[in-house]
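Asker: Between the sequences and the hints, there should be enough to build the whole structure, so can you do that?
Protein chains in written order, with the numbering used here: chain W, 75 to 266; chain Y, 75 to 266.
Some hints here could point you the wrong way.
Repeated chains share a single entry, so a pair holds when one copy, or any two copies, can fit it.
Claimed, not checked - Straight-line C-alpha distance at most 25 Å; calculated SDA-like pairs for lysine to any residue:
{"#": "1", "residue 1": "Lys188", "residue 2": "Met202"}
{"#": "2", "residue 1": "Lys116", "residue 2": "Phe239"}
{"#": "3", "residue 1": "Lys77", "residue 2": "Val251"}
{"#": "4", "residue 1": "Lys116", "residue 2": "Val251"}
{"#": "5", "residue 1": "Lys188", "residue 2": "Thr153"}
{"#": "6", "residue 1": "Lys266", "residue 2": "Pro97"}
{"#": "7", "residue 1": "Lys116", "residue 2": "Arg261"}
{"#": "8", "residue 1": "Lys116", "residue 2": "Val252"}
{"#": "9", "residue 1": "Lys189", "residue 2": "Ala166"}
{"#": "10", "residue 1": "Lys116", "residue 2": "Glu250"}
{"#": "11", "residue 1": "Lys169", "residue 2": "Thr138"}
{"#": "12", "residue 1": "Lys169", "residue 2": "His243"}
{"#": "13", "residue 1": "Lys197", "residue 2": "Leu124"}
{"#": "14", "residue 1": "Lys77", "residue 2": "Asn253"}
{"#": "15", "residue 1": "Lys116", "residue 2": "Gln184"}
{"#": "16", "residue 1": "Lys189", "residue 2": "Glu219"}
{"#": "17", "residue 1": "Lys116", "residue 2": "Asn253"}
{"#": "18", "residue 1": "Lys197", "residue 2": "Ala156"}
{"#": "19", "residue 1": "Lys116", "residue 2": "His243"}
{"#": "20", "residue 1": "Lys197", "residue 2": "Phe179"}
{"#": "21", "residue 1": "Lys116", "residue 2": "Thr153"}
{"#": "22", "residue 1": "Lys197", "residue 2": "Val264"}
{"#": "23", "residue 1": "Lys266", "residue 2": "Asn114"}
{"#": "24", "residue 1": "Lys266", "residue 2": "Ser115"}
{"#": "25", "residue 1": "Lys188", "residue 2": "Glu118"}
{"#": "26", "residue 1": "Lys266", "residue 2": "Glu106"}
What the hints contain is simulated information worked out from the structure, not anything from laboratory work.
Note that the structure is a prediction, hence the values are computed from the model and not measured.
Number of protein chains: 2
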Amino acid sequence: MTKTIFDISMSLDGYINAQNPRPEAGLGDGGERLHEWAFNSKDERNRELLARGASLGAIISGRTNYDLSLPFWGADGPTGPARVPIVVLTHASPKESPANHVYTFVDGVQTAAKKASELARDKDIAVMGGADTFQQFLEAGLLDEISIHLVPVLFGGGTRLFEGFDSGHIMLEIIEVVNTEEAVHVRYRVVK
Amino acid sequence: MTKTIFDISMSLDGYINAQNPRPEAGLGDGGERLHEWAFNSKDERNRELLARGASLGAIISGRTNYDLSLPFWGADGPTGPARVPIVVLTHASPKESPANHVYTFVDGVQTAAKKASELARDKDIAVMGGADTFQQFLEAGLLDEISIHLVPVLFGGGTRLFEGFDSGHIMLEIIEVVNTEEAVHVRYRVVK
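Answerer: This is the structure in structure tokens:
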């Protein structure tokens, strides 16, 4: 049974990038702190969490996230050699993209969810940021799980993951906590 | 050696109360979810965390938090029979207060820190909310630790703990994680 999981690294004060994000520094000034658990950790548990990405059936990304990340992702996408297909939410496909790439460009969260589901078959789907993409999936009731890598830093500014919504409280259930020096990884089930 | 610890319960989306806080419902509509770990849990670890309050030397509270909490706290304050002294940050002392109470009313964070330090002797000092009080203590560099009880719920609105600041990133070090069904309790050291 396919699950749709939103997965992101966040500072304790709720930012998914620091101030001034741009193509050369997609996470903003000093924002790479958010990904130290993934790239600079000696802790085996961090590597195991990262490796789960390779077993995904599909990944959904917002367009801004795609634009900021393409220089690093290249044709293979964020999972590298595993080449998990990426569905990019956008109103218009980019004019250029790398040869033999893993990206599919679609408009609208429902279309993205449907396309990702076809691509994923029985495997899980991960929704990456940005914050807009998250909000749209959350409000459409399309998320089964939220996985937060809570990084021990206060940025004081940047892009907030949670901008607020009016549809009433959303209850969560903690299903996994992995505590490492670089981040506390908490996985929640969205109670529907 | 006295440590000054900010301690608060927060929803995953960063709110320390839900919408519409008022004297009859200090945590706002449905906001009591934030304190279920403290009052409705069968988990011994939650009770142990709560019991630490009795060993504090002093507690600092903002005025709004005091006003909203006094109906529950009464003359003894939030620690009940332990009667830990409370320093309340306020521009003007309240006209009435309960007989034989534990409160001291002071103006300004530096004065509050000094007063709490005298009262606490060698024991630790806890800073409670609200968000304004936290921001003032954080920006004044007066916090040694931040203790967050991260509750599995999204409120979508309410009072945010973290409103942003311009003084650069503040690095934290995870010193304790206690994972219960009702909350993930994370204690951080503020790296100075």
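Asker: Hints the structure violates: just list their numbers, smallest first.
Answerer: 2, 6, 12, 15, 25
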